[in-house]
Each structure stands twice: as structure tokens, then as C-alpha cells.
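Visitor: Construct the entire structure; sequences and hints are all you get.
Chains U and X, in that order, give the protein sequences. Following this note's numbering, the numbering of the first sequence begins with 40 at its first residue and continues without gaps. Following this note's numbering, the numbering of the second sequence begins with 33 at its first residue and continues without gaps.
Derived from the structure by calculation, the hints contain no laboratory data. A couple of the hints might just be wrong.
Short, incomplete list of chain U residues facing chain X, as computed with Cβ under 10 angstroms [said to hold, decoys possible]: (1) 99; (2) 102; (3) 303; (4) 304; (5) 305; (6) 308; (7) 310; (8) 311.
Model, not experiment: these values are computed from the prediction. Cβ atoms here follow ideal geometry from the backbone N, Cα and C, with glycine treated the same way.
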Amino acid sequence: MIGTVVRSAWIALRRDRAAVALSFVVPIVFFSIFALMFGGGQKSGVPRVDLIVVDEDGSEISRRLLAALAAEPALRPRAAPRARPGAPPAPLYDRAAAEAAVRAGEVPLALVVPRGFGDRPLTFARGAEGTPSLLLLADRADPIAPQVVQGLVQKVSFSALGDLFLAGGLEALDSWGAEFTGAQRERFDQMVAFLREQGGLRARSQEGADGAGMPIPVEVRDLTGEGKKSPLVTFYALGLGVMFLLFSAAGAGGALIEERESGTLDRLLSTRLTMGRLLTGKLLFLTSMGLAQITVMFVWGQLVFGVDLVGHLPGFLLMATTTALAASAFGLVLAAVCRTRKQLVAVSNLVILSISALGGSMFPRFLMPEAIQKVSLAAFNSWALEGFLDVFWREEAFHAALPEAAVLVLWAAVFFALALKIARGWERV
Amino acid sequence: MPAVEIRSLAKSFGALRALDGVDLELARGEVLGLLGPNGAGKSTLVRSLIGRVRPDRGTIRLFGRDADAPGARDVIGYVPQEIALYPHLTPRENLAAFGRFQGLEGDALALAVERGLAFASLADRAHEPIESFSGGMKRRLNLAAGIPHAPRLVLLDEPTVGVDPQSRERIYGMIGELRAGGAAILYTTHYMEEAERLCDRVAVIDHGRVIAVGTRDELVRSTVGGGKELILDAVEAFPAEAATALAAEGALVERRRLRLATAAAPASAVARVLALCERHGVAVADLHLESPTLQSVFLHLTGRELRE
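Guide: What follows is the structure, encoded as C-alpha cells:
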């Protein structure tokens, strides 16, 4: 009897293609996407961090430190904006330009070596007092990158500035009353010279200090999270909000399938209502519903979690409307492609979860390998997230999100045209 | 100029010929019954009329205009077999929605809604969502929602399926009102008694072709004849030899039942059949004479019961 239950269930599963897809294809697709994001695309397990470097000090020591950082495989530092082929090289970043680039989301981090750093680079032996800190300007949307850079600064300090450590150590021993003979001093000087010389050669070493103890002080300034009560909540509210809109639009778009199955569509299309008008009506309904849903979600976020909705209202309305529009048009495509509700559930789960992962709803796009970041631009929701991040995270003015909003409107037009083309296929058989 | 004029209409879905050269006319103010077993082509024909099926060939004219001409189908009121209504809306809201879809606005719409509520006998439930309504109430509203614009041509697709006798009578009354208002009605049904009761003429459709059209009496005369029909039930199924011999007399033999149109001389037909039964050892369980019905006509024309 139990065997019959098992057998019937397997037969039913096998004959239900949607269920088969959900059961087997979704896990495979997800595994593949996440594997590509976090390892498949790179030899190293750690993604490379884009970093702007600003050398205000210009000393030999600051140059040695930055050269050692440049040799680190986990970093991709640049001192000037990338010039177009054939164009003259762009001027070096200064502190203000670097800050603007981080705020704009071009890079997650900028490292500023302040004037005077080369005179007193190490806290070692002399204490932190009077040692100018390196300044790390950070976009806290990426919580990992600042820690990676801090660690690497400490690591390369041992390899690239080893002579300074030794010299500092001797100076400290001197100050504590240690008596060195002339021969000992000469030998120490040779070792300092050797370490200075070797510093550059050993910069590529994978072994070394992990930054603990912070012999080079690094001050991290969170540019994008400044003034936010709950920066991470804001980030995830955006990611989840966009994903939620997609699911909501796909589910509500399923009303079209129900109308087709119930015969209501036959009746509707026997009236003066055309398929174009019907889908336009559905699109407007879905968009207004999506806008209402995400508004309610953010109002709740403001009341309970301190997400600053009121302070970003114009940008929010721009991005929420265009995102809801694009998501609704996308939902109509899914509803037009699928023949039954069951199919719609299977297809929308597969597609929406995939593009949400790819588009950055689950993990920030800048944590993904560069190739995947480029591919993710094909997921229209990545534009929605970028626009929301411009407004809420990078605190940019309303018009900064206009390009993303424009792209979303374009996506909406493409999706709507596609949905209409498919739906017209079954309007008259 | 007829309300509907269909000529040589054909439509195939892959290898299936759903319509195979249909010719049919529906006069103004006439009620034409469309009878046919499942898969005969009724739905394809109706869906061609409302424009949801694109025929491979043939023409449809509505009140003299090509059906595909702009606005030509505005004269149609379509009532699908399914309850094609919005379940969360009230009768008033449903009627208003479908009225707007038919292009009505303002006073004309308000008037159509009131008329529809009265027509469906739902004025006292006008403000309740219809999801909790009985099947009969939904059917009545389903019919009313198809005609807010007072169409000159009404397509009714099995409008009484699954309703209780009381609601069915009310729907018959509604159809009578439509007819009295001068609308031409194409009435698709499985129920012979409905066709006999409501329709001026009946078209029998099978395998995508209209195989007979006429009034009930015309169809009876041209198929089973004007006389009585002999019905004989055997105790067991007819042996093959007996079936062959009886078929030679013009009888339709189906397992244990025999039907024979007796024309003007039922007594001699009864005698001949009984003699053949005795000769072939067929034990008779029951024998009676019936006036022919559309059921007999349908069986004669298609060799099948309508419900097959």
C-alpha cells in the first residue's frame, strides 16, 4: 500500500513537467549561478578589489608601499581614471575626485596616503601618536573590501618596509638604553640596507602578516553609510524589494492565464476591447500595485528599521515607478509565454530567482567577478538596484538615477512589445 | 439580408478538420439551434463568428458586412459556456465592466446596468460579490453580461449547462425576451428538448459539416419520416445475422435496441420486425411506438447519440 503511494507520487511527478523543472532544474541553475559568482570565474578564491590610490605624500616610502600593494594579486589599484584608447592620460586622482568616485559607486574603495606619512609611517616602537593614518574611503555596501585592503596594507608593510621596522626597532632599543658595539651597528645597518633592497622583490610573497596589530594605522571612512541608522537594512530592503516586485508582478500577471482558462478572455475579446488595450490595462494595474507594495514596504522600513524614505522621496518615486513598470511588463511576458498557472509558477521561480541572484538582489554585484558583473547588466533588475543604490546608498541627487530609470523604461517597452506579440498569437488562432 | 451568412467556412488544426466547408444562414429575429456531438465543430464555428478563430477559407457576413470589417462584430453579444465573470465583483460591477467593454458610457451604461440586473432577476443582490451565488444565478448574470449593448445578434453557447430546473426556466424566459426584442440568436446546445422548444430552426453539425438544417418538422420528415418510430428492446444483444436482416428493413440496431421509422404503416412494420426477431431467435423485452424527435433525427443523421 505504501509502495503504491510512492509509485503514484513518482508517476504524477514524472508527468508534471513543471514540477520536474522545479525539482531538478532550479537547483542545478542555482548551483551554476552561485558557482560562477563565487569561484568558477577566478583562479583565486578571493575576488579582486578595485581600489583608487591617492599619494598625497609622494615620498619614497609611500611609493614603495603603493608599489607593493599594486603587486598584490587580490587588488586592482589605479591612480588615475582609465583613459580611452588614443586619448591623453587622465590626471591623477586627488582626494576629492577619489571620494566622488566612491560615492558614485565606480569603485568600492579609495586609499589616500596623507602628506607626512613617509616621515613617520609606523606606529611600531614610537607609538601611534604623531603617525599620520592612511585614509580608506569606503562604500559600505561592500563590507568585505575594506577589511581585505586593511589586511593587505599591514601585510605589505612587513615585506616592503621591513627595513623601517628593523630601524625602528633599533631606535627603540637605543632609547631604552641598549648599548651596541660599532661592529653590531655596522651589521644592523647592512641588514637594514638588505631589507630595503629586498622589500620590492618580496612584495609578491603570499605569506606575511595578516594586519593584526596595525603597525600602519588605517582610518576607514564610510562614505555611503554615513548618517544612516541601518545601512545594511537599507541595502537589503532594496535587493528584496526589487525581487519581491518581480514575484508579485509574475503572480498577478497570472490573472491573464486564468482569464484564458476560464473563458473570460474569449468574452473580453469579443467586445471592443483589443489585446493591446487589455494588456495596457493589465500593465497599468500591475505597475500601480507594485508601486503601492514597495511603498508600503519602505514605509514599514522607515518606521521600524530606520530606512530613510522621506529623505529620498523623489528618487524613490522615480525608481519605484520605473522598476514596477519594468517588473510588470516582465510579468506579462511570463504570463504570455506560459499556458497554465502551474507552468507560470515553475518558470517564474526559475527565471526570477536566477536574475535576482545575477542582478544583485541577493549579493552585491561588486562582490561578483568582473565578467559576471558585465553579464549581470543583461538582467534588467540590476539597473533597478543600481538606481536605488544611487538614491539611497550613494546619496546622489534625483537626476543621478535618471539613466537607470531610462534603461528600465526601455526594458519595459521591450517586454511589453514582446508580451503583446506573444499574446496576439493566441488572440486569433 | 440575413443576420449571419456563412459560406464554405473551413478551418483545420493540424490534421484535424474542425470546419469542413460550412454553409449556414441565420435570419434576422430567428433562433437557430446548433446541434452536434462534442468535437463536431460547434465551438470553432462560434469562435469564428466572434473573431477568435481565423478561418482557412470561406466568408462570414454579419448583416451584410464582412465580419472582419472594422466594427462589424459590434453587433454581436457573446455568452460563453463558461461563467466568464469577475467573481469578486458584484452583479452591478460586472455588468458595468462588460458594458464599458462594449463601448457604453454615462446614462447609456447606467441604463444598461439596471436593465441587466432586472433581466437577470438579480436587482435585490446587486451589491453582493457573485462568488457566493448559486450556479443558476451566475448563469443568468453570465447571459446578461453578454448583452448590455442590446446586440442584434446573440451567440449563446450552452447557456443552461449545470443549472437547476427553476433557473433553466428563467433562462428560457430571458431568451424569449431577447427574441421578442428582435435579436437573431444562434443557440448551441446539447439538450434536444431545448432545441425543440426554443429554436425556429435547427442545424445539425458533425465532423465539421452542417449535415442538415430546417425546422423540427422538416428535419423529421426528411430523415425519419412523418410516421411513428418503432422502438424494440431485446433481452440480449442482437445476433449479427439478426442485425443484418433488420438493417435491411431500414432499422438502426444498437446492441439491445432497435429503431425503425414506420412511415404511414406502423402495423405492418411491427409485424415484419417481430417475424424477423422470431426467425433469428431474438427474445423481445419491450416494444413501443414513439413520435419521432430531434433525437431520432440526430441519430439517423450521425449514427450517434448526441451525448457521445
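Visitor: It remains to establish, for every hint, whether it holds in the given structure.
Guide: For each hint, the structure was consulted:
no. : hint : verdict
1   : 99   : violated (77 angstroms)
2   : 102  : violated (72 angstroms)
3   : 303  : holds (4 angstroms)
4   : 304  : holds (8 angstroms)
5   : 305  : holds (5 angstroms)
6   : 308  : holds (6 angstroms)
7   : 310  : holds (4 angstroms)
8   : 311  : holds (5 angstroms)
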